[in-house]
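Chain A is fixed; fit chains B and C onto it per the hints.
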Amino acid sequence: MEWLSYSTPLLQGAWVTVQLTVYSTILGAIAAFAFGIGKVSRNWLIKGVSICFIEVFRGTSLLVQLFWLYFALPVLGQQIGIDLRLPPVVAGTLALGLNIGAYGAEVVRGAIQAVPPAQYEAAKALDFTPRQTLWRIALPQAIPEMMPSFGNLAVQNLKDTALVSLISLGDMAFRAEQIRNFTQDSVGVYTLLLFMYFGMALVLTAIMKLLERSIGRWRAGRA
Amino acid sequence: MLFGIEWDTANNWVFAVSILPILLKGLVVTIQATVVGFFVAAVLGLILAALKASRLRIISWPARFVTEFLRDTPLLVQVFFLYYVLPEYGIVLPAFLTGALALGVQYSAYMSEVYRAGIESVPLGQTEAARALDLSPLRQFSVIIIPQAIPRIIPAMGNYLVSIMKDVPVLSVVSILEMLNVAKIIGDRTFNYLIPLSMVGGLYLVLTLVASAIVRLVDRRLPKQGIPLR
Amino acid sequence: MNDTDPRPMPPDSPADAAKPTPPPSASPVCKSDLLEAGEPIIKFEKVVKRFGDVTVLDELDFEVRKGEKVTIIGPSGSGKSTVLRILMTLETINEGVIWVAGRPLWHEERNGSLAPASEDHLRDMRKEMGMVFQQFNLFPHMTVRRNITEAPVQVLGLSKEKAAARADKYLDLVGLTDQADKFPSQLSGGQQQRVAIARALAMHPNIMLFDEPTSALDPELVGEVLNVIQRLAGEHDLTMLLVTHEMQFAKQISDRVCFFDKGRIVEEGPPEQVMTEPREERTREFLKAFINPA
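Chains as they are written, first to last, in our numbering: chain A, 1 to 223; chain B, 1001 to 1230; chain C, 2001 to 2294.
Just chain A, same shape as in the assembly:
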């Protein structure tokens, strides 16, 4: 049946989707920690920049951000004399990563603030510096708290990758639209596409659950 002939281009697109998901998740994780930690910093400049970043990228639509990076940034570059045209891959990864990073930053911030104050007191009594306290005492305890939310964000990121098809990046959704244009078989292609995303999401959720369990190993045992 025709579905088999769809599989090759769709799988090519799937590979692009997977790569995009991986790159943007990594960028997102870096941004989440950078701005999440920045938001609880006592340095008002770092804190201000972090708050601005989080508000802007959470407060505007992802598609707006994507289009801005791909269509508007080059115009800005023209006006100031630098070539700021981003290839679709870069624009896509950037928009996805920064967007998911802003949501992730709030998760990071919440988890850090959920570490019991008594832990900070114990660290102070042992004369750790604030930086040592953050990296050795607070963050290791905060990270298992973040994992469930990170799992949700990872799946959200996967779904968001479909938007890059609108800037002509050859991901799964783009390929599907190409096939549909060619064969006019909307139901078949799009049903298959929906199930492919569903399958990927299930795999991703399973991976995140595994990560969650291995990171929180020390939480086992008597309370």
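Honestly, the hints are just simulated from the structure, not real lab data.
Check each hint, because a few of them may be wrong.
A partial selection of chain A residues facing chain B, derived with a Cβ cut-off under 7 angstroms [as the list claims (entries may be wrong)]:
1) Thr60
2) Leu63
3) Val64
4) Phe67
5) Trp68
6) Ala72
7) Val75
8) Gly77
9) Lys159
10) Leu194
11) Phe198
12) Ala201
Since we're looking at a predicted model, the values are computed, not measured.
Note that CB positions come from ideal geometry on N, CA and C, so glycine has one too.
Same frame as chain A, now just chains B and C:
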């Protein structure tokens, strides 16, 4: 020219001012799509939640599968699916309704979870006390459970309202003239994407802040223990 | 803080005692090493501490001599824990001066007068004190051994081997050598508190602060912790400040007992005097609540 309004590309400032009314027309469409989508999501979500709560596995399991499926697949693909598939079964809707429907369907999955979580957050003791007082199950639900669940449900629904608003631009693929689509058309025709897209970004920021503030206000006004019944 | 000083804690190994090592930081050698036994190592001068409208410490004058074991008793809200927390630099003070080993704690001497202490000065002063908390506050994501070695390695700059040797020594002291690789969630409350004591001791403080160390423990676990504290009191020259409700225990180990009420010392003296034949009415009222076998 768009919507009958001319723009002026003399310089950046003049351009920005001249396209603002055009963008605002797009804003109206954005808000309309948000409201319709939200309404559909709230109603469908309620139905989905009721199905999931059924004790008959033949009803609850498919409902749970559908919820999970909707949550794990992209809105964009769902929009295309409805847009291309519905006509094949004889249902021809204007593009706006197709888009808003897709939006509502996607978020109905999240809404059903909100309903479930809100109802489960009412302590079990309340149901037990109601039963001990011999209240009928219908009265139990409507007078005891729901009023106490609402303060939990409203803020979550409010947050999803804001999320729906941020997802409206995806509907531009079916030619709905919401804000982002309008800005892109202006950009396509003038080659100056910077001004329109940046303005849309700014408008979205304002919208989000206002909407979030309203949600917080409603949340604060709601008594935590439930809707007061005299 | 080098290992050749004649210090209350025994040196890590005989070889270290003979070998001079340079101080790990640029700060001056802790003055408490130069104090004779019997000189005041802690001195509160007219200290006032307010939390909002509530005055918790009311012009407190308080002194502890080097090597002394002092127990602070009193009703809740009397300020006893606050004294310890202020010493551990967890709380600031509103008025007054505190001297630790001859140096101001919450102030520093600059150009001949006292200015509020900088963070560097506080970090330096913290090394004098170790604290054991009511809720143990072990780091849940680290093994017992790591809990004890982390601060000596990261703060004092000890090598991993030296820190591990210290950990083994103090684990032996508190009787938990076989639990070294367990996580805190796998230990009982009494075991966790003993680890907390070892963790504080591993920093070689001159003053040990115990803030109601057994109040959060099930009754059958209290004894093991008190035994450790008693051994510490008997075998070492540490200055110890203990806040507790365990009256019998306080009588056993203390050189001096202070009864705090409403932010001031109402009565202080040797345990036989304060606890068996108190002079003040308020002390008598308070002690009535504790059934003391004769």
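Taking the hints in turn, this is what the structure says about them:
no.	hint	in the structure
1	Thr60	holds (4 angstroms)
2	Leu63	holds (4 angstroms)
3	Val64	holds (5 angstroms)
4	Phe67	holds (6 angstroms)
5	Trp68	holds (5 angstroms)
6	Ala72	holds (4 angstroms)
7	Val75	holds (4 angstroms)
8	Gly77	violated (9 angstroms)
9	Lys159	holds (4 angstroms)
10	Leu194	holds (5 angstroms)
11	Phe198	holds (5 angstroms)
12	Ala201	holds (4 angstroms)
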